[in-house]
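Engineer: For the record, the sequence lines run as chains F and Y. Per numbering that gives the first Met the number 0, the very first residue in the first sequence carries number 0; after that it's consecutive. Per numbering that gives the first Met the number 0, the very first residue in the second sequence carries number 0; after that it's consecutive.
No lab work stands behind these hints, which were simulated from the structure alone. Model, not experiment: these values are computed from the prediction. Some hints could be false.
[To be verified] Listed next, the in silico DSSO-like pairs over lysine-lysine satisfying Cα-Cα at most 30 Å (straight line):
hint, chain 1, residue 1, chain 2, residue 2
1, Y, Lys173, F, Lys139
2, F, Lys164, Y, Lys173
3, Y, Lys46, F, Lys127
4, F, Lys110, Y, Lys170
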Amino acid sequence: MRFGSRRIRTCVFALNIRQVSNDSRKPTGSGFRTVFRVGLIYSGFIFESGLKDYGSSGRMDTNDSLRVASLWHSMHAISQQLSPISGCFGIELLQADTFDLHCFQSLTGTKFFVVCEPGTQHMEGLLKHIYELYTDYVLKNPFYEMEMPIRCELFDINLTQAIQKDRVALLAR
Amino acid sequence: MPPVGPRSGDAIFANVERVNAELFTLTYGAIVRQLLTDLEEVEEVNKQLDQMGYNIGIRLIDEFLAKSNVSRCVDFKETAEVIAKIGFKMFLGVTASVTNWDADGTCCSIVLEDNPLVDFVELPDTCQGLYYCNILSGVVRGALEMVSMKTEISWIRDMLRGDDAFELQVKLLKQVPEEYPYKDDE
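Can you build the whole structure from these sequences, using the hints too?
Structural biologist: Okay, here's the thing in structure tokens:
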């Protein structure tokens, strides 16, 4: 499988954000084991951020995130070809038995996706919010170079906050 | 989720963070002045301003899309309207108008009656060839390139050269669709 004009580059940045476990509102038993993985693909570069308590099985290293993003990049592209009518922009939601994958693609072609527990709501809102964070804390950083891996601490901080806020809202529901 | 309609330029402008217009205008003036000192040639300064604008445009487009909620434009006419009515309002605080369409709808003019960049500017005789606001043309070019539109942008009227308004001619060269070539032999 080739990616046409867009090459997959091998620069990856992986970041794992651990959820603090002293959340008193955390339901017991089956509870929420919400896994968030936020990915951002552009021209084959990947940013990955995970917030999870799946333990070691859910953890991703650099190679894993590269693999996931490459897979998604090509699946997204292929899905456009499956449409019976033209003008399809690719998969928005992928539902599997163990996870949901929500994808948001900006008009500039940057893809953001979040992998979460099946049935998790309001992911579109979260993705749009992450897009705004990306424009604020990544693109406006004069030392961020376009199409390079994101190493912006402010972005990480705000992303963590957004995901945690979302998680709290989820648990409150 | 139902698509959220585009917000008007005024509504967004009211919500985004703003800086003092004078600070902005004077900072831009200082940059242009420094470029003139560094590069010496007016032509080079024009080029540099355009390049700086381009670099801004390719980043700014994402902020524009994220905060304005505009959806995909159906044609270039809509694109031009969105730039003039929402884009300029959101980032520059002024509204522009779109006129002078050519027959096939690929070339138009964006007219700025009011331009905060030139509030205190008078071009000296030595800088007559300078397009003082050339950064704006670069921004528009860069932003459109990120949504797959190659454009060529030139100044038709310039208030600093005695015209009654700023007129930016935007010519659509080609639209590159975001598609992946699926030919195996490529």
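Engineer: Which hints, by number, does the structure contradict?
Structural biologist: 2, 3
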